[in-house]
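Colleague: Given next are the chains, with one letter for each unit.
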Amino acid sequence: MIWLTWRQFRAQAITAAAALAAFAIVLAINEPSLSSMYDSSGLLTCHGDACAGLASTFLQNLSSGGGFLIPAASVYMILYFLGVLVILIAPAVTGVFWGAPLIARELEAGTFRLAWNQSVTRTRWLAVKLALIGVAAMAVTEAFSLIQAWWAAPIGKAIGLGGGASIFSEGRFGWFVFPTHGITPLGYAAFGFALGVTAGLLARRPIPAMAITLAIFAAVQFITPLWIRPHLFPTSRTVATIAAAGANVSLRANPKLTLTAGVVPGQPGAWIMSSEGVNAAGQPVSAIPASCEQAVSQALGSHRGTTMGPGSAALNKCVASHGIRVAESYQPASHYWPLQWSETGMFLALALVLAGYCFWRLNRRRS
Amino acid sequence: MTAVIETEGLGKRYRARWALAGCTLSIPAGHVVGLVGPNGAGKTTLINLATGMLAPSAGTIEVLGGRPIAGPAQLARVGYLAQDAPLYAGLPVADHLRLGAHLNPGWDADMARRRVERLCLDHRQKAGTLSGGQRAQLALTLAVAKRPELLILDEPVASLDPLARREFLQDLMEAVAEQEVSVVLSSHLISDLERACDYVIVLVDSRVRVAGPVDDLLATHHLLSGPRRDPASLPGGLEVISASHTDVQTTLLVRTSGPVLDPVWTVSEVGLEDLVLAYMKQAARPAPRNNRRHLEVQK
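Protein sequence lines correspond, in order, to chains A and B.
For the first sequence, position 314 matches number 300 in my numbering, and the numbering has no gaps at all.
For the second sequence, position 33 matches number 32 in my numbering, and the numbering has no gaps at all.
Check the hints yourself; a few may be wrong.
[Said to hold, decoys possible] One-sided and incomplete, this derived list gives chain A residues near chain B with beta-carbon spacing under 7 angstroms:
| # | residue |
| --- | --- |
| 1 | Trp(-11) |
| 2 | Leu93 |
| 3 | Thr97 |
| 4 | Leu100 |
| 5 | Asn103 |
| 6 | Ser105 |
| 7 | Val106 |
| 8 | Thr107 |
| 9 | Thr210 |
| 10 | Pro211 |
| 11 | Arg223 |
Calculated directly from the structure, the hints in this document are not laboratory data.
Note that beta-carbon positions come from the ideal geometry of N, C-alpha and C, so glycine has one too.
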């Protein structure tokens, strides 16, 4: 059975290995110049507060370098986002091209009658296929992730040293950083593959199965950071002054009071999920105080009537002077690995449930 | 005599439609059994149930005394050649043999190699580029080289041209002679069965119309022709399978254990094809005698 699985999977395995090699070579060629930029940035020898400024400069330099393919983007930026994109779509690609046709192609071509009438039970047939190809899908996705993490190590270090205000400065909890680093790629790959196999078994034809797999996987990838990840682990809550939280009063929401916090005091690297204005009694404040109207119109005027500009320091100060503070709910940085394990575990469990369903259905429905 | 396939009230329903219903039959071992019947009689459904490709909706089925696909040992005892001989189009001939060797503990590599050599198949040729006849032969090789006790073939020659059909059946007969294996073979081409089978089961509307060794069937069925008369006036011991009349003549196909002595009738032998067709027709349009009985009961 292992031989047959390998024989039928050989071409896809070679394609995946080639893609992985190409990815590694491109990043390996670029890596020396990225690390030499880091070495000469002064970040190796900096102390204390000086580091944050140096890190920001380093990140700024990376993102604004000479245009390579796209004039406005540096080669580092292109490689960074290309890498992240590859890791994000790798589970979808393996699910669509390895998972969906696994059973559907046998059903469509009628070869299941050949395969399932050798002296091997369907359970064993499916178990070997799911195990070998599923592990391959997980390994490939994780390999992409590890190669990218190795290449992007200087960027990660600079962000860790407090570098901000650049395109790279999304922390470890970022929308596309969290699911592409650590162990989460393993969970996504297992889930995408099992989803494809199940869709193939139900649709019975590869093309519709591939479309279903892609649609569901994309939806899950979109829903997870919005509605699932924030609730995997209990959040912490704190109230801080507007200045300490680096918060800005949004002009867009005027006259409603909307505060966007930048940091959690004493919790570097925390993932801020929501922030709102509260009064001294801790009650939510929903409107910008009327006496701050002057600051609002000044801020609006200075942005020539647009409501899109950054917040105004005067407005922030005015709101703060009314005793309004920021209540933040957040995941501390120490929750990074527990969250990684929870999300990975959730997707691995989903993959196992789908696989279990496939075994059950294959034996119940017979064909 | 043990049974290779034994069913009891077997049925298979697709939503509201029964593809097979109330089928009770016993197929004896040691024969090449031809399973014949019109399209839609339930032949393929019966075979799919016997090979575990389908699960029954009603009744039971036992194959070689066990539940179909109950485990690797049960799977190893049954060889199955599905309709249109499914093979992996992208895999060469050699890999199909390797597949058989890897997945069957009882694989007879010698026999498989000899057969492929005799068929003049190129080991490197992909299965998708083989002719229909070659595909069927390669699929048969896979089915027999696992050394099954029972070989089930579903319409194996339906898509082959007459020459390939004859070669395939000859080849099948040689394989059967070489190893002791029972065969169940479905077809709607009766002339092919005549060449290959020594036992026939006629299946119409899920029911066994007639079953028995070909020689016995031919010995107990006769074609009678004589002046026109009502079949109901025949003496007892004769079962009329089909009757046709012209203005002056009546032709009957009858089943009887003894000889027909009435000098009015000219008795002649009947071929397997005519015999099977008569039974199939009987199902489609009940014989006049049955009709009359039915009317009498109503009175």
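Colleague: Take the hints in turn and mark each one as holding or not.
Modeller: Verification of the hints:
1. A hinted interface residue such as Trp(-11) of chain A counts as satisfied when its beta carbon comes closer than 7 angstroms to some beta carbon of chain B; here the least separation is about 5 angstroms, so the hint holds.
2. The criterion of a C-beta within 7 angstroms of any C-beta in chain B is not met by Leu93 of chain A, whose closest approach is roughly 11 angstroms, and the hint is violated.
3. The interface hint given for Thr97 of chain A holds, since its Cβ lies 5 angstroms from the closest Cβ of chain B, which is under the 7 angstroms cut-off.
4. With 7 angstroms as the threshold, the beta carbon of Leu100 of chain A comes within range of chain B, its nearest partner Cβ sitting at about 5 angstroms, so the hint holds.
5. Satisfaction of the interface hint for Asn103 of chain A is found here, the shortest Cβ-Cβ separation to chain B being roughly 4 angstroms, below the 7 angstroms cut-off.
6. About 4 angstroms separates the beta-carbon of Ser105 of chain A from the nearest beta-carbon of chain B, less than 7 angstroms, and the hint is met.
7. The closest approach between the C-beta of Val106 of chain A and any C-beta of chain B is roughly 5 angstroms, which is under the 7 angstroms cut-off, so the hint is satisfied.
8. With a least beta-carbon distance of about 6 angstroms to chain B, the hint placing Thr107 of chain A at the interface is held under the 7 angstroms criterion.
9. Hint on Thr210 of chain A is violated. Least Cβ distance to chain B is approximately 37 angstroms, over the 7 angstroms limit.
10. Violation of the interface hint for Pro211 of chain A is found here, the shortest Cβ-Cβ separation to chain B being roughly 40 angstroms, above the 7 angstroms cut-off.
11. This hint is violated: Arg223 of chain A has a C-beta 56 angstroms from the nearest C-beta of chain B, more than the 7 angstroms allowed.
Consistency note: the structure conflicts with the earlier hints numbered 2, 9, 10, 11.
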